[in-house]
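I would like the entire structure built from these sequences, with the hints used as guidance.
Chains as they are written, first to last, in our numbering: chain E, 1 to 530; chain B, 531 to 890.
In short, the hints are calculated from the structure, not lab data.
With beta-carbon atoms standing in for the labels, derived distance ranges:
| no. | chain 1 | residue 1 | chain 2 | residue 2 | range |
| --- | --- | --- | --- | --- | --- |
| 1 | E | T76 | B | D828 | 35 to 41 Å |
| 2 | B | I555 | E | S514 | 28 to 34 Å |
| 3 | E | Y210 | B | R541 | 32 to 38 Å |
| 4 | E | S514 | B | P887 | 49 to 55 Å |
| 5 | B | N856 | E | S514 | 34 to 40 Å |
| 6 | B | P887 | E | A177 | 52 to 58 Å |
According to the in silico footprint, chain B covers these stretches of chain E (three or more CB under 8 Å from chain B):
| no. | region |
| --- | --- |
| 7 | 176 to 184 |
| 8 | 193 to 199 |
| 9 | 206 to 213 |
| 10 | 414 to 420 |
| 11 | 457 to 467 |
| 12 | 501 to 512 |
Examples of chain B residues toward chain E, derived with CB under 7 Å:
| no. | residue |
| --- | --- |
| 13 | A553 |
| 14 | G554 |
| 15 | S704 |
| 16 | Q705 |
| 17 | Q706 |
| 18 | S729 |
| 19 | F731 |
| 20 | G769 |
| 21 | D770 |
| 22 | F792 |
| 23 | N821 |
| 24 | S824 |
Note that this is a predicted model, so its numbers are computed, not measured.
For glycine and all other residues, C-beta sits at the position ideal for the given N, C-alpha and C.
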Amino acid sequence: MESPRLEPRGAKKKVRKGHPQGAWITARRAVQYLALASFLVLFILSRQGGWPGQVLNLPMRLDPLVVLANLLASRTWLAGSSVALIVLLLTLVFGRAWCGWLCPLGTTLDLFSLHRARGPRTAPPEGWRRVKYDLFLVILVAALLGNLSLLFLDPLAILVRTLTVSVWPGLDRILTALESALYGLPALAGPVSAFDQLLRPGLLPPSPVYYRDTLLFAGIFLGVILLNVFAERFWCRYLCPLGGMLGLLSKLAPFHRRVGEECKGCTLCTDVCPTGTIDPAHGYRSDPGECTLCMNCLEICPRGLNTFRPRFSPSGWDRYDPGRREALGAIAAGVIGVSLFQSDSLAKRESPFLVRPPGARENNLDAVAFTRCIRCGECLRVCPTGGLQPAVFEAGVEGFGSPVLVPRLGFCDYACTACGQACPVQAIPPLSLEKKRLQVIGRATLDQNRCIPWSDHRPCIVCQEMCPLPDKAVQLEEAEVVGPDGKLVKLKLPHVVRELCIGCGICEYQCPVSVEAAIRVFNPSTGASS
Amino acid sequence: MAKLSRRDFLRRSAAGLGALTAAGILAACDRALSASTPPAAVPTDMAPAGVNNAPPPASTDTALPAAPTRAGVPPSAATVPAATATPRVVPDLAVAHGGSDPEALVRAAIAALGGMQVFVPSGAKVIIKPNICVAHPYQYAATTNPWVVGALVKLALEAGAGSVQVMDSPYGCSQQEGYLTSGIRQQVEAAGGQMMYMSLFKYVNTPIPSGLDLKQLEVYEDILKADLVINVPIAKDHGDTRLTLGMKNLMGVIKTRNIMHFNLGQRIADLTSLIRPKLTVMDAVRILIANGPSGGGDLNNVREKDTVIAGSDIVAVDSYATGLFNLQPTDIAYIGAGAAMGLGRSDLQNLKIEQIPVGS
Numbered sequence: 001m002e003s004p005r006l007e008p009r010g011a012k013k014k015v016r017k018g019h020p021q022g023a024w025i026t027a028r029r030a031v032q033y034l035a036l037a038s039f040l041v042l043f044i045l046s047r048q049g050g051w052p053g054q055v056l057n058l059p060m061r062l063d064p065l066v067v068l069a070n071l072l073a074s075r076t077w078l079a080g081s082s083v084a085l086i087v088l089l090l091t092l093v094f095g096r097a098w099c100g101w102l103c104p105l106g107t108t109l110d111l112f113s114l115h116r117a118r119g120p121r122t123a124p125p126e127g128w129r130r131v132k133y134d135l136f137l138v139i140l141v142a143a144l145l146g147n148l149s150l151l152f153l154d155p156l157a158i159l160v161r162t163l164t165v166s167v168w169p170g171l172d173r174i175l176t177a178l179e180s181a182l183y184g185l186p187a188l189a190g191p192v193s194a195f196d197q198l199l200r201p202g203l204l205p206p207s208p209v210y211y212r213d214t215l216l217f218a219g220i221f222l223g224v225i226l227l228n229v230f231a232e233r234f235w236c237r238y239l240c241p242l243g244g245m246l247g248l249l250s251k252l253a254p255f256h257r258r259v260g261e262e263c264k265g266c267t268l269c270t271d272v273c274p275t276g277t278i279d280p281a282h283g284y285r286s287d288p289g290e291c292t293l294c295m296n297c298l299e300i301c302p303r304g305l306n307t308f309r310p311r312f313s314p315s316g317w318d319r320y321d322p323g324r325r326e327a328l329g330a331i332a333a334g335v336i337g338v339s340l341f342q343s344d345s346l347a348k349r350e351s352p353f354l355v356r357p358p359g360a361r362e363n364n365l366d367a368v369a370f371t372r373c374i375r376c377g378e379c380l381r382v383c384p385t386g387g388l389q390p391a392v393f394e395a396g397v398e399g400f401g402s403p404v405l406v407p408r409l410g411f412c413d414y415a416c417t418a419c420g421q422a423c424p425v426q427a428i429p430p431l432s433l434e435k436k437r438l439q440v441i442g443r444a445t446l447d448q449n450r451c452i453p454w455s456d457h458r459p460c461i462v463c464q465e466m467c468p469l470p471d472k473a474v475q476l477e478e479a480e481v482v483g484p485d486g487k488l489v490k491l492k493l494p495h496v497v498r499e500l501c502i503g504c505g506i507c508e509y510q511c512p513v514s515v516e517a518a519i520r521v522f523n524p525s526t527g528a529s530s
Numbered sequence: 531m532a533k534l535s536r537r538d539f540l541r542r543s544a545a546g547l548g549a550l551t552a553a554g555i556l557a558a559c560d561r562a563l564s565a566s567t568p569p570a571a572v573p574t575d576m577a578p579a580g581v582n583n584a585p586p587p588a589s590t591d592t593a594l595p596a597a598p599t600r601a602g603v604p605p606s607a608a609t610v611p612a613a614t615a616t617p618r619v620v621p622d623l624a625v626a627h628g629g630s631d632p633e634a635l636v637r638a639a640i641a642a643l644g645g646m647q648v649f650v651p652s653g654a655k656v657i658i659k660p661n662i663c664v665a666h667p668y669q670y671a672a673t674t675n676p677w678v679v680g681a682l683v684k685l686a687l688e689a690g691a692g693s694v695q696v697m698d699s700p701y702g703c704s705q706q707e708g709y710l711t712s713g714i715r716q717q718v719e720a721a722g723g724q725m726m727y728m729s730l731f732k733y734v735n736t737p738i739p740s741g742l743d744l745k746q747l748e749v750y751e752d753i754l755k756a757d758l759v760i761n762v763p764i765a766k767d768h769g770d771t772r773l774t775l776g777m778k779n780l781m782g783v784i785k786t787r788n789i790m791h792f793n794l795g796q797r798i799a800d801l802t803s804l805i806r807p808k809l810t811v812m813d814a815v816r817i818l819i820a821n822g823p824s825g826g827g828d829l830n831n832v833r834e835k836d837t838v839i840a841g842s843d844i845v846a847v848d849s850y851a852t853g854l855f856n857l858q859p860t861d862i863a864y865i866g867a868g869a870a871m872g873l874g875r876s877d878l879q880n881l882k883i884e885q886i887p888v889g890s
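Quick look at the structure:
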């Protein structure tokens, strides 16, 4: 099984002493890369459109943390979420194999292990491992109280969001700059434009999309990776709430690592354990709640004493594992946190800019809290116009990372139902095109003081032209006004027909008034008639 | 392959980048020079850059008027169609109507103009510009009929075109969505043409020598370089200009459409003076009579006219199409502006119009 093709990789990693190799490692790596590649392929496919949402959002539905939290908060079981049971069962048999073998963020952390920067640094205190369990418990309590804010820390959500909001647009910018530069060379113009036809719209957006706070979201992701400097897989060891959930379940898993009696204490396995859970002080035993079944110890042990065999007895409780105190603390944190959210001014008065995707306002108990949304970012990545953005201030801290439509950046395409199809938990309902077209997500309001025909007395009808509704929610009224030169001019003055407007925002997106549009889409509850 | 040290790699990359930059600067200078040389020199000068297999256009299509290129052509020179060069009498406009087969209408209209080979030099790079503004199925008459576009692809290939590309940049949806939903992509690919995505970096700032209001625009370079641009609008209602026709359809080849909307009529005419498509084929198989240009999915606003209007004079084609809506050419500002600039004729009574009934 030791493939010679892995030679360069082995050669590169010789820096790490006692780097384990063997059939198990090869197999694990193959599965890891395959899982990461599938994740990326699904990501790319979702940008192309035309693929069923149920295929594209499969990774999210495999994630038992978001499925459980969503179940607790929404009190509805979605048939599509049953696939999460696979990971649950896998964990109940093999422990945290998900973390070591499948999780795309885990694989990313392995790829950027930063072991050279880390050097022989000693790991943080064992007690820190508690954080992930605490996070998991707080998420559960908050979910019971209808709050899912902390799910923005879910590992898959972090990856999806960062890819959508930061990596893809950044990559697009870099490649566009390169293409533009090379296109200027006569000899390269042909090849460059042929290359661009391959690149877009399949891999990169056909026209650039922009996201708010790309740096913030990239920073969170970068932070998760940079923590590797302090300990290998720092995120998985100490912070990941999904890891915490799977870790607790792993206590029940029959497949545990066992060390043979003949162990002489060479510490080779301690050195290669990515989560640092092999404890020389306690007979080289490890905590199944921390072990990711990477099989490094199995392959490195010169005497073959590390084995993974079924043993049907629950594992013991470690110092850092959650006890009564943690449970009570989590309940207190959850209750206090949620009650503070409910005392936030946004709970009384929504932001005027809170424009949710079609049907989402109706499908969540609270438009600010977004009680069903798991903050996974699937909707952001499938939105073809890039109008769906992660909420940064519209929904406060509570709704951080949930989707809002920002019409100046992209409108809600009248012929598109992608976000509802992609949402793994129906926080955005999977509406048919007919129903989605009737869904009011916002209302357009015209500012006559800034509108070109109203204030400048020059002709412009872009908002009416763009309005996709059969009866046009923006209508034109012919009027004769005194023009800038003192002469009478005939003009068409746009008006919004409130009752017709669904708030798709294409008028705001296309309005030629610079920077801030003269016609704007606001929260549908804004205005006199409702 | 010998192993490169990191330093060597960086050094070579830097050298390569430097060379590319230098070449880029030189190329930019070259471009600046070519823009200032007389228009006649431009086509041959630009040909090697974008056209790989086509012969230099200026040398082969002597029967045709000089290719209107990036620098533009004086209005009077190119307006006269092939009629002067060929002995047979070719109508100014060919109007095919009747039947239920859009392809038959297109074939009949083009045949009446002397056949596609009149327009397509052998091996030419042809670009077809339909109207794909939103993602509605073709039945709603917001986008050009897919079979009309498909027929033109076939005709161009039959006439010996080297390549036939079809492109537009929708305002109401993404390109891939519009291409697919309109049905145009399917018909174009079935006919052997290529649907092209319009790349952002290929818009070039282009002076409009004869523009009265607009002096320059960012225009898609492929359109400027093509040997033949076939403009394939659909006749439909429009809130501001009243109708979206052939000249209005050209707005799809520029980058920033918003600036057009001040003084739209004249600016459309200015844009037309730059693009000067040698063939305009108006799809009036189904027309949209209200709530255009996007329509929005109300079939009550669609009328079946089963008509295709073809001609090399874009103003004349547009003028004729106004009749389908019971309007006059004088009702449409950009037709008036175009005629005043000498881009074509709107005096329908003086034009030779061949009506071709196509069997039902």
